[in-house]
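Engineer: Each chain is listed here by its residues.
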Amino acid sequence: LAKTTQPISMDSYEGQEVNITCSHNNIATNDYITWYQQFPSQGPRFIIQGYKTKVTNEVASLFIPADRKSSTLSLPRVSLSDTAVYYCLVGGSVGGYNKLIFGAGTRLAVHP
Amino acid sequence: SAVISQKPSRDICQRGTSLTIQCQVDSQVTMMFWYRQQPGQSLTLIATANQGSEATYESGFVIDKFPISRPNLTFSTLTVSNMSPEDSSIYLCSVDTAGTQYFGPGTRLLVL
Numbered sequence: 001l002a003k004t005t006q007p008i009s010m011d012s013y014e015g016q017e018v019n020i021t022c023s024h025n026n027i028a029t030n031d032y033i034t035w036y037q038q039f040p041s042q043g044p045r046f047i048i049q050g051y052k053t054k055v056t057n058e059v060a061s062l063f064i065p066a067d068r069k070s071s072t073l074s075l076p077r078v079s080l081s082d083t084a085v086y087y088c089l090v091g092g093s094v095g096g097y098n099k100l101i102f103g104a105g106t107r108l109a110v111h112p
Numbered sequence: 001s002a003v004i005s006q007k008p009s010r011d012i013c014q015r016g017t018s019l020t021i022q023c024q025v026d027s028q029v030t031m032m033f034w035y036r037q038q039p040g041q042s043l044t045l046i047a048t049a050n051q052g053s054e055a056t057y058e059s060g061f062v063i064d065k066f067p068i069s070r071p072n073l074t075f076s077t078l079t080v081s082n083m084s085p086e087d088s089s090i091y092l093c094s095v096d097t098a099g100t101q102y103f104g105p106g107t108r109l110l111v112l
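Keeping their order, the protein sequence lines are chains V and C.
Quick note: the first sequence, position 62, residue 62 per my numbering, numbers continuous.
Quick note: the second sequence, position 20, residue 20 per my numbering, numbers continuous.
Some hints could be false.
[Claimed, not checked] Derived DEER-like restraints, expressed as beta-carbon distance ranges:
#1 THR79(C) <-> TYR13(V): 41 to 49 Å
#2 SER1(C) <-> GLU17(V): 38 to 46 Å
#3 CYS13(C) <-> LYS54(V): 42 to 50 Å
#4 ILE12(C) <-> ALA104(V): 38 to 46 Å
[Said to hold, decoys possible] For lysine to any residue, the following SDA-like pairs were computed, each having C-alpha atoms within a straight-line distance of at most 25 Å:
#5 LYS99(V) <-> PRO105(C)
#6 LYS99(V) <-> GLY99(C)
#7 LYS54(V) <-> ASN25(V)
#8 LYS3(V) <-> GLY99(C)
#9 LYS3(V) <-> TYR13(V)
Derived by calculation from the structure, the hints in this document are not laboratory data.
On a predicted model such as this, the values are computed, not experimentally measured, just so you know.
Heads up, the beta-carbon is just placed ideally off N, CA and C, and yes, glycines get one too.
Work out the full structure, taking the sequences as your base and the hints as a guide.
Structural biologist: Take a look at the structure:
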């Protein structure tokens, strides 16, 4: 299963765009890239998932280059409520389902 | 997506006792997963529970310590047996729906 590397922490200010990059050099052909957000004392919340190029939803965008060895989560105009830990995962399909291994995550702090 | 509930939401237990955590999902799912999140740490996968078969445990986790039941497609239990203070963690269940995992709110366990 692919291992991911992402910054331990990041700081930003309200209204700014935040880009969190994740490296996954050993990603397999059938792996998807998934990002989760976790607030203290809550379970991780699904943000976005992609396989290649660009994916956008109402919350974020995910940019994946052609070699798929990295991905960037983009959060437009962050607010204080976006302060959380963000996890990048690559899912290996094992027996028909995605087995997710969590890395350390990126602790994002949004300041007023 | 899937709506997942867990019971209890939190508990304080004495060492040497056991606690059973329940996970209920609002739709039928094939795979359910149990994770542990120790204080200040990322999530660690304990086991994968497929309905109708024995759970598959990750390295470092054994059935005698963390027995899992999966009686039907919407429910699972995880028991933390013979607890010690080192078992103090948040325990989370998740389900795989169409290739995306969704997490429950977690059960916060404190062992004294």
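Engineer: Each hint: holds or not?
Structural biologist: Comparing the hints with the structure gives:
1. THR79(C) <-> TYR13(V): 41 to 49 Å: Cβ of THR79(C) to Cβ of TYR13(V): about 46 Å, so the range 41 to 49 Å holds.
2. SER1(C) <-> GLU17(V): 38 to 46 Å: Given about 26 Å between the Cβ atoms, the range is violated.
3. CYS13(C) <-> LYS54(V): 42 to 50 Å: Check passed, 47 Å falls within 42 to 50 Å.
4. ILE12(C) <-> ALA104(V): 38 to 46 Å: Violated, at about 28 Å.
5. LYS99(V) <-> PRO105(C): 19 Å, holds
6. LYS99(V) <-> GLY99(C): 10 Å, holds
7. LYS54(V) <-> ASN25(V): 18 Å, holds
8. LYS3(V) <-> GLY99(C): Given pair LYS3(V), GLY99(C) holds - Cα atoms ~19 Å apart, limit 25 Å.
9. LYS3(V) <-> TYR13(V): 30 Å, violated
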